[in-house]
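There are 2 protein chains.
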Amino acid sequence: MKTKDRIMEFLRGFIEENGFAPSIREIACHLRFRSTKAVKAHLDELADMGLIEKRGGIARGIRLKERGVPIIGRIVAGQPTLQFEGVEGHFSLDRWKGNFLLRIKGDSMVGANIEEGDLAVIDKDREPRKGDIVVGLVEDETTVKRLDKEKGRWVLKPENPNYSLIDKDFQVIGVVIGVIRSYYK
Amino acid sequence: MKTKDRIMEFLRGFIEENGFAPSIREIACHLRFRSTKAVKAHLDELADMGLIEKRGGIARGIRLKERGVPIIGRIVAGQPTLQFEGVEGHFSLDRWKGNFLLRIKGDSMVGANIEEGDLAVIDKDREPRKGDIVVGLVEDETTVKRLDKEKGRWVLKPENPNYSLIDKDFQVIGVVIGVIRSYYK
DNA sequence: CCTCCAAGTAAACATTTGTTTACCTAAATA
DNA sequence: TATTTAGGTAAACAAATGTTTACTTGGAGG
Chain A
1 MKTKDRIMEF LRGFIEENGF APSIREIACH LRFRSTKAVK AHLDELADMG
51 LIEKRGGIAR GIRLKERGVP IIGRIVAGQP TLQFEGVEGH FSLDRWKGNF
101 LLRIKGDSMV GANIEEGDLA VIDKDREPRK GDIVVGLVED ETTVKRLDKE
151 KGRWVLKPEN PNYSLIDKDF QVIGVVIGVI RSYYK
Chain B
1 MKTKDRIMEF LRGFIEENGF APSIREIACH LRFRSTKAVK AHLDELADMG
51 LIEKRGGIAR GIRLKERGVP IIGRIVAGQP TLQFEGVEGH FSLDRWKGNF
101 LLRIKGDSMV GANIEEGDLA VIDKDREPRK GDIVVGLVED ETTVKRLDKE
151 KGRWVLKPEN PNYSLIDKDF QVIGVVIGVI RSYYK
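Heads up: the protein sequence lines correspond to chains A and B, in order. Position 31, counted from 1, in the first sequence is what our numbering calls 31; the numbers after and before it change by one each time, with no gaps. Position 7, counted from 1, in the second sequence is what our numbering calls 7; the numbers after and before it change by one each time, with no gaps.
Among the hints, a few may not be true.
Where chains are identical, the list cannot tell them apart; a pair therefore holds if satisfied intra-copy or between any two copies.
Stated by the list, open to error - In silico DSBU-like cross-links for lysine-lysine, where the CA-CA straight-line distance does not exceed 35 Å:
no.: 1; residue 1: Lys37; residue 2: Lys4
no.: 2; residue 1: Lys97; residue 2: Lys40
no.: 3; residue 1: Lys149; residue 2: Lys105
no.: 4; residue 1: Lys4; residue 2: Lys54
no.: 5; residue 1: Lys40; residue 2: Lys54
no.: 6; residue 1: Lys185; residue 2: Lys151
no.: 7; residue 1: Lys105; residue 2: Lys124
In short, the hints are calculated from the structure, not lab data.
Build out the structure end to end from the sequences listed, making use of the hints.
Okay, structure coming up:
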């Protein structure tokens, strides 16, 4: 069962580096196999196991099922080294494909733990509801605020007591469905 | 110049859907071209323009330069519809490849705008410095806190006045180099 | 010790797919 | 109007690559 692990490892590395999957012969070569037959068998089994997707007859038609960065379940202290066990899942940007990011300016949403420089993930098709954090267009200016209703009127509320509520006319451009922050540039 | 846009659009869609690039013939077919020659010429030019990477002689050896989700520079209000102009760049998980994610439990770091449920991006190889937010291992428990030095002694500081500082022995497992938050599941 | 079998070898085979050469055509240009 | 040329057509060509068949082999198990 070790061979399949080596294949998966190779696939991960190769795809990350090249952006496309290796050919069966390249895999065979890496494993020091002299035939492609065994590799194909392993790949078919990996596909059955649900670890990869494989399109028959198509060159380099392999895709990993696990995409993105692994989410670790638990960290345990082995003797000298650490172990990261239990991959709870993988986080991938796939779920945010088709949307776009908007960089946060100012600190009007710190109350919602959104700070300057953060990237807000915007879904412009999602229907905005009361309580959602949204991108609003107010007099040609865009701001990220929380959508609320006061006295039957839609308003944009900052999450910082130093800023005041916006109850002018505005247009909701999209809903903030996520936040990405990157320290150290 | 319209044709190249159509090619790029097709590439984006195809790659997102299948996980690998289309063959030249598939592109030609999509554009309703009867020859592959023109497509290859366009692809070579796109590579020269720096929009794609292309590996000669390799099946489906195309990779988009723009990976991930676009970061919008500005939003302007066109008459009825909106326009998202100026792609400032693209955010990709590539930069975080090789690291892993840890889900935040508790609210001890709200002062740093990290809340429960957030995914902390952990770099276990980065050298921790004073002021960094780190993952610490204290008596077989992992916590995310800010690394600080008090009276010549390393300590872990929460960013929430309701929690108290940890000055027991601990081990730094990694540095938090980013945060990902996803609303709506 | 013999049998069986998973796993690999070897060698073709059949497509898929990138590349190339020669030619065509309509629109821009002189 | 004659010429040029970007961009496409057509048809081969040459690799790259998935697939298949027949054969070998080292070790687990009876």
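If the cutoff is 35 Å on CA atoms, where do Lys37 and Lys4 land: within, between, both or neither? Let me know, please. within (14 Å within a copy, 39 Å between copies)
Same-copy or cross-copy closeness of Lys185 to Lys151 [CA-CA at most 35 Å]: between (43 Å within a copy, 30 Å between copies)
One pair to classify: Lys4 and Lys54, alpha carbons no more than 35 Å apart. Within, between, both, or neither? both (15 Å within a copy, 29 Å between copies)
35 Å Cα threshold - placement of Lys54 relative to Lys40: Both: 10 Å inside a copy, 26 Å across copies.
If the cut is 35 Å between Cα atoms, do Lys97 and Lys40 qualify within a copy, between copies, both or neither? Both. Shortest intra-copy (32 Å) and inter-copy (27 Å) distances satisfy the 35 Å Cα cut-off.
Can you give me the call for Lys105 and Lys124, within, between, both or neither, at a CA distance of at most 35 Å? both (19 Å within a copy, 30 Å between copies)
Reference check for the pair Lys149 and Lys105, CA-CA at most 35 Å: within, between, both, or neither? both (24 Å within a copy, 31 Å between copies)
Of the numbered hints given earlier, the model fails none.
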